[in-house]
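Participant: Those sequence lines, one after another, are chains F and X. Okay, so the first sequence: first residue is 1 according to our numbering, each after it adds one. Okay, so the second sequence: first residue is 1001 according to our numbering, each after it adds one.
One thing to keep in mind: the hints can contain errors.
[Stated by the list, open to error] Heads up, simulated DSSO-like pairs for lysine-lysine below, C-alpha to C-alpha not over 27 angstroms straight-line:
#  : chain 1 : residue 1 : chain 2 : residue 2
1  : X       : Lys1056   : F       : Lys57
2  : X       : Lys1097   : F       : Lys15
3  : F       : Lys102    : X       : Lys1057
4  : F       : Lys17     : F       : Lys57
5  : F       : Lys102    : X       : Lys1059
6  : F       : Lys57     : F       : Lys15
7  : X       : Lys1097   : X       : Lys1056
8  : X       : Lys1097   : F       : Lys102
9  : X       : Lys1070   : F       : Lys57
10 : X       : Lys1070   : X       : Lys1057
11 : F       : Lys102    : X       : Lys1056
No lab work stands behind these hints, which were simulated from the structure alone.
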Amino acid sequence: GAGVSQSPSNKVTEKGKDVELRCDPISGHTALYWYRQSLGQGLEFLIYFQGNSAPDKSGLPSDRFSAERTGGSVSTLTIQRTQQEDSAVYLCASSLAGPGEKLFFGSGTQLSVL
Amino acid sequence: TQLLEQSPQFLSIQEGENLTVYCNSSSVFSSLQWYRQEPGEGPVLLVTVVTGGEVKKLKRLTFQFGDARKDSSLHITAAQPGDTGLYLCAGVDSSYKLIFGSGTRLLVRP
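Looking at chain X on its own, in the form it has when it is part of the complex (with noise of 0.2 angstroms):
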């Protein structure tokens, strides 16, 4: 079974600081995507990351896939309060089904 592994699983910090989130499998996938969701709603899609060393920016978020296509991060510069989220990556499986991550909170204090 491939499993994706999130890193931390909880981040609370002040705004205008920066955090790195990571997602990690010993699989490699085709591709992988970040979602952010917010409370009483549905994960929305951040990036799809397909190339083994891809970065993407949007904005103040970096995503970046590991060479290998194992692994992958987000990295947030100056975050912000509207940043507070449940942060998830994805990738699909062998069995050609989307998986998920088991999410990093972040909470970003005024």
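Chain F with its partners taken away, still in its complex shape (with noise of 0.2 angstroms):
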């Protein structure tokens, strides 16, 4: 596609779910990235693919976050056991080649567990 396409780009759940977040970026990037946006806050990052691999997954909040990335493309970032303060706008971006290159973000996916 043109652009980085994330879903969904609402998602409300409740305590206790688990949630999938989708993330499709630009077609021949190799580099994809997933952060965390609390209201009006900077960027926490959670997790950088080159390809397939996770050169550093340091960012994961806890063990009940995890994410994929298959076939160089899509990548789904998973939350098991939601809590509240799991609640923050989850932006996925992707870049050509690594780190230090330009990023382009998608619109991002609200989360709110309620």
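Need the complex rebuilt from these two chains, each delivered in its own frame; the hints are there to steer you.
Facilitator: The structure is reproduced here in structure tokens:
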């Protein structure tokens, strides 16, 4: 596609449920990033993929969070047993090669955990 | 852990005024990027600065990278309501991940 696509754009879930957030990067971009943004704040790094591999998973807040990328393209961020503090906007970005290059962001998934 | 601190956190000014936003760190970065984010959208890259002391201009926006590559500033001349948004600086840390500052929220009143 022309840009980074994220789905769903909004997700409301109950505490304790699992959620899956999807990211479709720009075609041909080998690097993919997940960030979390709380209301009006900066971006918190979660995980970065180079191809299908994640060199750095240190940003994942807990073992309830996991992410995978298949075929060097689509990525899924899964949050198990959601908690209220997981409520935030989850942003995905891609770049042509890797860190330091221009990031192209999706519009994000607004996650609300009730 | 390398951190990027931005100041001020919030700025409300009148159209036509000038302003400067700062991005500071105790660590050296190989490059710094500046992004602007509007409500409901992802951040959009404005500029990347690479060389210590580098100055880049983008219309009314002037970006400077500190000589020691630990800090950067964004100066806006004659701000317009269209400049309203969240300004974020970002740098690649020693683990090769792009980290972001806490952001400066700018409101330009007509």
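Participant: Could you run down the list of hints and mark each one as holding or not?
Facilitator: Okay, the hints, checked on the actual structure:
Between lysine 1056 of chain X and lysine 57 of chain F, the direct Cα distance comes to roughly 34 angstroms. Violation of the 27 angstroms bound is thereby established for this hinted pair. At most 27 angstroms may separate the alpha-carbon atoms for a hinted pair to count; lysine 1097 of chain X and lysine 15 of chain F exceed this at roughly 31 angstroms. In summary, the hint linking lysine 102 of chain F to lysine 1057 of chain X is supported, as the alpha carbons are separated by about 17 angstroms, within the 27 angstroms threshold. The straight-line distance between the Cα atoms of lysine 17 of chain F and lysine 57 of chain F is roughly 23 angstroms, inside the 27 angstroms bound, and the hint therefore holds.
Distance hint between lysine 102 of chain F and lysine 1059 of chain X is fulfilled; the C-alpha atoms sit about 20 angstroms from each other, no more than 27 angstroms. Proposed proximity of lysine 57 of chain F and lysine 15 of chain F is supported: the alpha carbons are some 24 angstroms apart, at most 27 angstroms. Distance hint between lysine 1097 of chain X and lysine 1056 of chain X is fulfilled; the C-alpha atoms sit about 24 angstroms from each other, no more than 27 angstroms. Restraint check for lysine 1097 of chain X and lysine 102 of chain F: the C-alpha separation of about 13 angstroms stays at or below 27 angstroms, so the hint holds.
A threshold of 27 angstroms between alpha carbons decides the hint, and for lysine 1070 of chain X with lysine 57 of chain F the separation of about 25 angstroms falls inside it, so the pair holds. Using a Cα cut-off of 27 angstroms, the hinted pair lysine 1070 of chain X and lysine 1057 of chain X holds, with the two alpha carbons roughly 19 angstroms apart. About 16 angstroms separates the Cα atoms of lysine 102 of chain F and lysine 1056 of chain X, which keeps this hinted pair within 27 angstroms; it holds.
Hint violations for this structure: numbers 1, 2, all remaining hints satisfied.
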